[in-house]
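Protein sequences, first through last, are from chains A and B. First residue of the first sequence? That's 1 in UniProt numbering, and the numbers climb one at a time after it. First residue of the second sequence? That's 1 in UniProt numbering, and the numbers climb one at a time after it.
If you're looking for bench data, these hints aren't it; they were derived computationally from the structure. Beta carbons are placed, not taken as given, at the ideal position from N, Cα and C, and that holds for glycine. Heads up, some of the hints might be wrong.
Here are a few chain B residues that sit away from chain A, every Cβ distance over 10 Å (derived from the structure) [unchecked claim]:
id, residue
1, 73
2, 146
3, 183
4, 209
For lysine-lysine, the following DSBU-like pairs were computed, each having C-alpha atoms within a straight-line distance of at most 35 Å [said to hold, decoys possible]:
id, chain 1, residue 1, chain 2, residue 2
5, B, 141, A, 9
6, B, 23, A, 9
7, A, 9, B, 220
8, B, 110, B, 141
Pulled a few chain B residues facing chain A out of the computed Cβ check, cut under 10 Å [claimed, not checked]:
id, residue
9, 35
10, 161
11, 222
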Amino acid sequence: MPQPLNYLKESPSQTAGPYVHIGLAPGAAGFAIFRQELGREIAAPDVPGERIRVEGIVFDGTGSPVTDVLIEVWQADAAGIYPHPEDPRHADCAKGFRGWGRIVPDFETGLWAFETIKPGAVPGRSGRMMAPHISFWLVARGINIGLSTRMYFEDEDNAADPVLNLIEQPPRRETLIARRTGPGRYRFDIRLQGEDETVFLDV
Amino acid sequence: MKPAEFYPRDRLWHPPALTPDYKTSVARSPRWAMLSLQGSLSEITGPVFGHGDIGPLDNDLIRNFATTGDPVGERIIVHGRVLDENGRPVPNTLVEIWQANAGGRYRHKKDTYLAPIDPNFGGCGRTLTDESGYYFFRTIKPGAYPWRNWVNNWRPAHIHVSVFGTAFSQRLITQMYFEGDPLIHQCPIVNTIPDPRAIDQLIAPLDMNAAIPLDCLAYKFDIVLRGRRSTLFENRLEGN
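Using the sequences provided together with the hints, build the complete structure.
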């Protein structure tokens, strides 16, 4: 018998279920309990950068909106710096920039939206710059393990992005690119399944 | 030495996306394969929380919504540690929980189950782990409840648990079940997990050592997040 490896196993995931809002966004569940709900402000008003609004709908395999989804986003500041000690430049990250947000859609229409600043480009692996992007993480009833994806911007140069270029089929890359619908406004629909299914990432 | 990437997720340990016995997964599971990504700065960083984010009663579900008295039900402590796959504690990380009341009813405008709302029970809490990765909550043991999957499906008693870790790629939501509950092994959501050992990992044992005599029982629930390897023999990540 060789030595045992003795690693622990990661706790297995389970669906967040239909009432995820109770724990993570109680206001949306219909009651107030905490002094402050987390994830409502990604970038404080005085954080430098272009103010943007991102909106969209998550669709299931039948084309119906997923009205009970909960989305979290994570992004760098306008200079491409993350507010996290693992980023070697994090001391220079914009003050008041949390970089993280939690988004709940309208329960009738499934439309969600958030306001933030446009992130800057971030250094990727082997010194290759990644085009500006926002990381998404989705949980909902029927989703057994949180789905990760990225949102890129139509009006940025995404041609050399190392992650987009990992996607073998060029048409699928388009599923990660938000459309500009007006000044500072972007539309990013996510399709869980079927035609134009969004690329999901095993990060 | 500065650690680098996270160990890859063992996708055979976690439930797959498509699990037809859990009906909602059928239309909400991607059909294409996921794109495997080696970690970059975007994956190895994540939100940081501090004590300014939470209130002093946030981890006490017996008190944090009570107005006219204590909630009805079995008083319990749920406690444990958040560790990574290397067995190292994950300190100062946010743990959030939510659950139904003792009758299996959620305080959510979309829950229409006939069991009544408890006026003194909200059903959510949050806390930060301490330096040794330890966390604790006080709450009411939730009741089982029926759900529309098969005609007569009932969820075992469970508490939903959300954990952050230090990186966005460690983000995890799971459910904690209670030792000895006969509903666990007939639940289609539990059974989305293919490996029975992985199911066992979500079952919290009764912990008499932590029970408070004449006051409340306790259950112990350790949570394991992805571990990281060191940058051995490898070009370092840019900026790392």
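Hint by hint, here is what the structure shows:
no. : hint          : result
1   : 73            : holds, 16 Å
2   : 146           : holds, 13 Å
3   : 183           : holds, 14 Å
4   : 209           : holds, 21 Å
5   : B:141 / A:9   : holds, 26 Å
6   : B:23 / A:9    : holds, 27 Å
7   : A:9 / B:220   : holds, 17 Å
8   : B:110 / B:141 : holds, 21 Å
9   : 35            : holds, 5 Å
10  : 161           : holds, 8 Å
11  : 222           : holds, 8 Å
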